[in-house]
Amino acid sequence: MLADDDEDDRLFFTDAFEELKMNTKVRTFNDGVELMDYLNTEDVILPNVLFLDLNMPKKNGIVCLKEMKSNQKLSDIAIAIYSTSASEEDIEETFVLGANIYIKKPNDFNKLKKVLSDVVSINWQYHTNGLNKDNFLLRI
Amino acid sequence: MPRRLLKHSGILLKIIFFTSVFIIIVIGGFAYKQISGLTDSTNVLITTYRINVELEQVTSYLKDAEIGHRNYIVTKDNQYLEPYFNARENVNNSFAILKELTKQNEKQKQNLTELNQLTDKLLTNFSETYDFVENDSTKSEGFKTLFFEEKIIMDSLKKKVAEMIRLEEVLLKERQKEYRDNVKFTPLFFYLVILTTIVLIIIAYFKIINDFTRIKKFNEELLIFKESTSQSEIISKQGNWIWHSEANSFTYSDNLYRLLGEEPQSFNPTINNFLKFVHPEDLDMFKEDLGNMMKDKDLPFINYRIIQKNGNIKHFKTYGKSFYGSDGQKKVLGITTDVTNEIENLITLEERNLELERNNKELSEFNYVASHDLQEPLRKIQTFISRLEEKEAESFSNKGFQYLERIKTAADRMRSLIDDLLQFSRTNKPDKAFVFSDLNELLENAKQDVAETILDKKATITSDVLPSIQAIPFQIQQLFLNLLSNSLKYSREGVSPIITITYSKVKLDDDQRFKDITKIYYHKIVFTDNGIGFEQKYANKIFDLFSRLHNKSNYSGTGVGLAICKKITDNHNGFILAEGKLNQGAVFTVYLPAN
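Protein sequence lines, in the order shown, are assigned to chains A and B. Residue 23 in my numbering sits at position 23 of the first sequence, with consecutive numbering throughout. Residue 1208 in my numbering sits at position 208 of the second sequence, with consecutive numbering throughout.
The shape of chain B in the complex, shown without the other chains (with noise of 0.2 Å):
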């Protein structure tokens, strides 16, 4: 985003530069041709004056020259020819610079021609009257004619003069019109291009001074984060590194010394300095995977360890992706971290599962071993007191009889003991496969197994149907078993057992008497009887293991029954909950989770 911005205010800036340049050599321009177009106008109006002055200077030679013509002819005095004389040469200079000062104007250049006629008429008609006064014949006719033809000839020379000089009057005006057009201009040509310059620097100004403050933004960002990544490295325990390939040089970043237990920047980041440091053992692996990278500019995970110079060993993990730098040269970006702390962690906790494993699995074989060994000698008593009974018994007096009797109602609670230890512990054995097993079908089993006890004590079972899910078979059956049996066992004196069997499906995501529900829905079957019951306040207690709330004379429990019951819902990763009133009957609700 800033880079883009700053490369959008650079583009900017060149157009401001570059218009301001064309303008400056544009106004430049009309400037050169302004004052060229000035100075051109002074040069006219010189030059109108200079011709007056010329044409009032020939005017006044030929004034001069009568003069001295005329004090000639009365007196006859030749001192007073000497203007006469100087004439000729006078008005000759001044028709050269005229001339040359005509020379762009047609009109004056024929008057011009005309006025040097003029001249040299009346001086050729001077010379002619020097005759007349040289033979004192001034009275004489032709003497009078030549006479009246020099002042028609003198007059027509001043109107010729006196037309010259508004002719160039006329000029002049022009021309000082012109003048007084391009000066008007002039200033505020130069005004108004001097402001669109200014208004260009003040743009570039602002511009600049925008993105100024934008990089020096910019500049304080980078700056906090470079702050933060070197602080979070030193978090993280990570370390950054550079491999500049073109000049196969590398830098590091301080905290990878730190990692190596060194000062930062305190040696020079090369290969062989920090080869120094990677575990002898390591160290070929080390250096293949380093070519590798070399090769492929590209690093995947490896894992080394290095020896710090105070002897600690540490794990490394380091990884490394390639990059083009802003010069263009491919480079690869490396992260090391230090995992000594993961890695002993991990070491320490797979131990400690191992323990565990072995720990649960020597108390399973303890637990099926010992019912499984113990139901050998039980067998034999149990088979021995029936050889007594039977082929003994008349030897017996009524009380060693009876003794037998108790001895014999032991072994068969010592039996059933151990029948329930060893349900329970092959409960504990997790490789069980789940399939798609029928529930129906399960419970029809279970109540196969105590159909002699439904019959014995004429209890009524009804049922919802119920659905097919992903279960361990043989364990629901143990389940419903169980449940069933639990319930046919804690019937209330002269009352048929009736047990009901209802089936739902629910939700329980906010449902604050479980924890760890790992789906949404479950499914609900629940097993109500009308048996003694139990207390509500024992309701969690009866699933714990040879937990019984009951006199085992009345009633023959191991308290096994229902902790096989919590055990194979758990593994089923469901629940079973309780409910009981003394005397009204007991509600066990199973939840195992649908799919």
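Next comes chain A alone, as it looks inside the complex (with noise of 0.2 Å):
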């Protein structure tokens, strides 16, 4: 599951899973009420890993993951956020608000093809109880 704003982006995204040719649903969001509004219907399928741009309008990717996380329900799906900067204060902040990996937009098809598959594959369990800030952010 994504939540981005940017068409290309959701383009690319949804190529890279069919070039996977991965047993998985990928479903896109253009915003994060879009995003919110769809997780807080009644009898909603959660997905195994969303993936979360953090500058969106309307909702930007911080206050989902705020939301997320203080609602039970949503509170346990892996989250992954998949933004273009890797600054340090949004790594630092997502941290702390409890996402649990953080991907840097990869400038190569290729590249993204490799983060996507290997993030989907993450056993989540085992990834949480060892998550640190030093291997939080994604190394490609």
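Misleading hints may appear alongside valid ones.
Said to hold, decoys possible - Straight-line Cα separation of at most 30 Å, DSBU-like style, residue types lysine-lysine; simulated pairs: (1) B:Lys-1237 / B:Lys-1121; (2) A:Lys-111 / B:Lys-1151; (3) A:Lys-111 / B:Lys-1399; (4) B:Lys-1361 / A:Lys-59; (5) B:Lys-1216 / B:Lys-1330; (6) B:Lys-1184 / B:Lys-1063; (7) A:Lys-114 / B:Lys-1408; (8) B:Lys-1489 / A:Lys-104; (9) B:Lys-1361 / B:Lys-1515; (10) B:Lys-1391 / B:Lys-1408; (11) A:Lys-113 / B:Lys-1399; (12) B:Lys-1361 / A:Lys-104; (13) A:Lys-58 / B:Lys-1276; (14) A:Lys-111 / B:Lys-1408; (15) B:Lys-1566 / A:Lys-104; (16) A:Lys-114 / B:Lys-1447; (17) A:Lys-21 / B:Lys-1380; (18) B:Lys-1063 / B:Lys-1014; (19) A:Lys-111 / B:Lys-1391; (20) A:Lys-114 / A:Lys-66; (21) B:Lys-1103 / A:Lys-25; (22) B:Lys-1295 / A:Lys-104; (23) B:Lys-1330 / B:Lys-1276; (24) A:Lys-111 / B:Lys-1177; (25) B:Lys-1361 / A:Lys-66; (26) B:Lys-1391 / A:Lys-114.
Claimed, not checked - Partial selection, computed: residues in chain B whose CB lies under 7 Å from chain A: (27) Gln-1375; (28) Glu-1376; (29) Arg-1387.
Unchecked claim - Take a look, some chain A residues computed to stay more than 10 Å from chain B by CB distance: (30) Ser-85; (31) Phe-95; (32) Leu-97; (33) Lys-114; (34) Val-115.
Since the hints were derived computationally from the structure, they do not count as laboratory data. C-beta atoms are modelled at their ideal positions from N, C-alpha and C, and glycine is treated no differently.
Two chains, two frames, a set of hints: combine them into the complex.
Spelled out as structure tokens, the structure:
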């Protein structure tokens, strides 16, 4: 599941999963409001991993992250921050708020494919136990 | 100092005055005694002469009586008896005088009594001889006997008188000697006394003249001090005032009037007259402070505004401190300063500071946002290029594929420019905390970051043991990384890079190459390489942003890396210097302050 306001990025994202030919269902949202509305519907099927862009109109990634972590129903979803920037402040803040991994959007399609396949195949239970600030940012 | 001198001088003058008075009183006493002694001596002298005269007188009377008596015996004429009859009375008168004169002298008193007896005897003898004369029996034996006795008595009398005169002469001699002694010492004594008094007066005179000169000098100094105070008040825009607590009155210095925009001493220095100048908005606060001052006899620094008659508003700062005047009254001495210029300057400075801060922040934000926002479209361009390369490569002509490669290179270059710019703008942020950091560890981390290049280029890096210092760790790591990548990047074709890192602690205080040296000791870390180097004339230029010495098709630098190094050493109050020799290598020296 991906929430990103950028049409190109959504395209890269779905293309990558198509080419990976993994047995995954991908759903994309245009902004934070759309994402939260969906997550708050009654009989929602929660995703395994949510890729969350930080810089979105209406409701940005940080706000979405806070809302999900304060909602018991949604607080267990594995959240991968998926952002253009990798500034210290953003990494620090999302780590403290409880995101599981931080991905800096790659500038090469093949790298993107590799990152996505790596993230989807992470055992979140195991990853979360050993999580610290140093391995929070995914190194490509 | 002058005050103490004058005080001492006062004591000295008092001592001289009282000593003089004492001496003069003593001298007066002595003089009185001397003069009365002289008078006594004179009186004694006179007495002696008078006694002698009286005694001669007595002898003379008795001789007259004797002569009269003899004449009567010869002539039987009664008229010759006259001196005899008078003798008794005259002698008695003389005796009375002599008795009075000799009452002090026992010996003479006794002599006088004996003389009196002899006289009585003589006169009795005279009267006894009358009978013989009446009866004409002068030739009888009885008469002869009496006549002979008369001669004997007369002789005794003369002897007695002579004895008395001699005694008086002896007394007179004694007294004359005494008198001479007295008279001999008196002038000398007076002379000495007058001399002493003159000396004392001279000492007092010089003392007074001396003090007077000194007081004149102090007065002169005081006058100069007063003038300089008045001048300095004008220059420093200060005025002073005194509040006399007991009289509840004020005195203002001339310049205080000037500060209020008035002529000196042009109105009565009362509270109400001053309150007329105070800015209405500050009036309540000022009155409260004034009330507190009258209660506490002290005034802390207060700030207020006044309005001059011409409408100018001035900022005043006032301070007061209590002291005791020479009259023992408690007073408050106040200093009032016109701080209008300072306050206006401060406001301007604050405004400029704020503006500068705003500009700086805007610039930094612009830099950050620009490079950050540029990343997104660039990333997409790069991703699309990678899509084209992979999916559509076969449908391109050779030329098309070449163009694609050129686009890719340009996009990569833009990527590294943006990354470096972002790095540079992050280095700008000054709010990073200094922590105690091990430089060896930071160097090791930097080496890890370029490990791949080290392997590729077969580079050798040797380093001394570095110290631990107060630093911003990620910045120092960035500094090391940039210096290492720089050396690796500008290595000579076909020569394995050798990078040597040496460390020493040095003293920079007399080194002319550095400005703004804040510490004495510095950590000196030197990076030496064997790369392509550069010409020494570019040594300072290479730290400028976007400055490059080499063609970018040969070397892929952006001209930001060394600018970042400069910024980081600046952030640490340190320095960085570059030395180069073309085709031999470069030396970068980093100085970081040691505590």
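Each hint tested on the structure:
{"no.": "1", "hint": "B:Lys-1237 / B:Lys-1121", "result": "violated (121 Å)"}
{"no.": "2", "hint": "A:Lys-111 / B:Lys-1151", "result": "violated (189 Å)"}
{"no.": "3", "hint": "A:Lys-111 / B:Lys-1399", "result": "holds (27 Å)"}
{"no.": "4", "hint": "B:Lys-1361 / A:Lys-59", "result": "holds (26 Å)"}
{"no.": "5", "hint": "B:Lys-1216 / B:Lys-1330", "result": "holds (29 Å)"}
{"no.": "6", "hint": "B:Lys-1184 / B:Lys-1063", "result": "violated (43 Å)"}
{"no.": "7", "hint": "A:Lys-114 / B:Lys-1408", "result": "holds (21 Å)"}
{"no.": "8", "hint": "B:Lys-1489 / A:Lys-104", "result": "holds (26 Å)"}
{"no.": "9", "hint": "B:Lys-1361 / B:Lys-1515", "result": "holds (27 Å)"}
{"no.": "10", "hint": "B:Lys-1391 / B:Lys-1408", "result": "holds (15 Å)"}
{"no.": "11", "hint": "A:Lys-113 / B:Lys-1399", "result": "holds (29 Å)"}
{"no.": "12", "hint": "B:Lys-1361 / A:Lys-104", "result": "holds (26 Å)"}
{"no.": "13", "hint": "A:Lys-58 / B:Lys-1276", "result": "violated (61 Å)"}
{"no.": "14", "hint": "A:Lys-111 / B:Lys-1408", "result": "holds (16 Å)"}
{"no.": "15", "hint": "B:Lys-1566 / A:Lys-104", "result": "holds (29 Å)"}
{"no.": "16", "hint": "A:Lys-114 / B:Lys-1447", "result": "holds (27 Å)"}
{"no.": "17", "hint": "A:Lys-21 / B:Lys-1380", "result": "holds (23 Å)"}
{"no.": "18", "hint": "B:Lys-1063 / B:Lys-1014", "result": "violated (74 Å)"}
{"no.": "19", "hint": "A:Lys-111 / B:Lys-1391", "result": "holds (15 Å)"}
{"no.": "20", "hint": "A:Lys-114 / A:Lys-66", "result": "holds (28 Å)"}
{"no.": "21", "hint": "B:Lys-1103 / A:Lys-25", "result": "violated (169 Å)"}
{"no.": "22", "hint": "B:Lys-1295 / A:Lys-104", "result": "violated (71 Å)"}
{"no.": "23", "hint": "B:Lys-1330 / B:Lys-1276", "result": "holds (26 Å)"}
{"no.": "24", "hint": "A:Lys-111 / B:Lys-1177", "result": "violated (151 Å)"}
{"no.": "25", "hint": "B:Lys-1361 / A:Lys-66", "result": "holds (29 Å)"}
{"no.": "26", "hint": "B:Lys-1391 / A:Lys-114", "result": "holds (17 Å)"}
{"no.": "27", "hint": "Gln-1375", "result": "holds (5 Å)"}
{"no.": "28", "hint": "Glu-1376", "result": "holds (5 Å)"}
{"no.": "29", "hint": "Arg-1387", "result": "holds (5 Å)"}
{"no.": "30", "hint": "Ser-85", "result": "violated (6 Å)"}
{"no.": "31", "hint": "Phe-95", "result": "holds (17 Å)"}
{"no.": "32", "hint": "Leu-97", "result": "holds (21 Å)"}
{"no.": "33", "hint": "Lys-114", "result": "holds (12 Å)"}
{"no.": "34", "hint": "Val-115", "result": "holds (12 Å)"}
In this structure, the earlier hints numbered 1, 2, 6, 13, 18, 21, 22, 24, 30 are contradicted, and the remaining ones agree with it.
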